[in-house]
Amino acid sequence: MKNAATQQAAAPSLLLQTWTQTTYFPQDQNISAGFSFSGIAIYVYLIVTNESLSSSLVSNVYCDFRLDGEIMGSFSHLTDNSSNTQFDVLAFSKTDGKPHDAH
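Per our numbering, residue 48 is the first one in the sequence shown, and the count goes up by one each step.
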């Protein structure tokens, strides 16, 4: 999901427009995204927003990363009340010695 305001602000800072966004609402179940790849390494970078604590928006981030069905790592970010957006935040990386396995 992309919205025009975020896309315009973020576009120059993103690698080949390879991004998506989502908003969690408490009544929803967990949000997930998945894809298949072949290789020996994966790096997941996030765009992290920081909303003012006085706003009605919450910009905390909690992620679990699964690889081949197993949770391999977690990432969390609590808003720092700065209203700044951070690009290229490394949230997860994994390298594996197995050559070009399918995942």
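In short, the hints are calculated from the structure, not lab data.
Heads up, the beta-carbon is just placed ideally off N, CA and C, and yes, glycines get one too.
Be a bit skeptical, because a hint or two may be false.
To be verified - Pairs of lysine to aspartate or glutamate residues, derived as EDC-like cross-links and limited to a Cα-Cα distance of at most 16 Å, are as follows:
(1) Lys-141 - Glu-117
(2) Lys-141 - Asp-115
(3) Lys-141 - Glu-98
As the list claims (entries may be wrong) - What follows is a set of in silico ranges between Cβ atoms, one per label pair, in the way DEER data are often shown:
(4) Ser-129 - Tyr-71: 18 to 26 Å
(5) Ser-140 - Gly-116: 12 to 20 Å
(6) Ser-102 - His-150: 35 to 43 Å
(7) Ser-140 - Leu-100: 29 to 37 Å
(8) Val-136 - Leu-104: 17 to 25 Å
(9) Ser-85 - Asn-128: 38 to 46 Å
(10) Ser-99 - Ser-123: 16 to 24 Å
Open item on the list: Checking each numbered hint in turn, tell me which of them this model violates, lowest number first.
Closed with: 3
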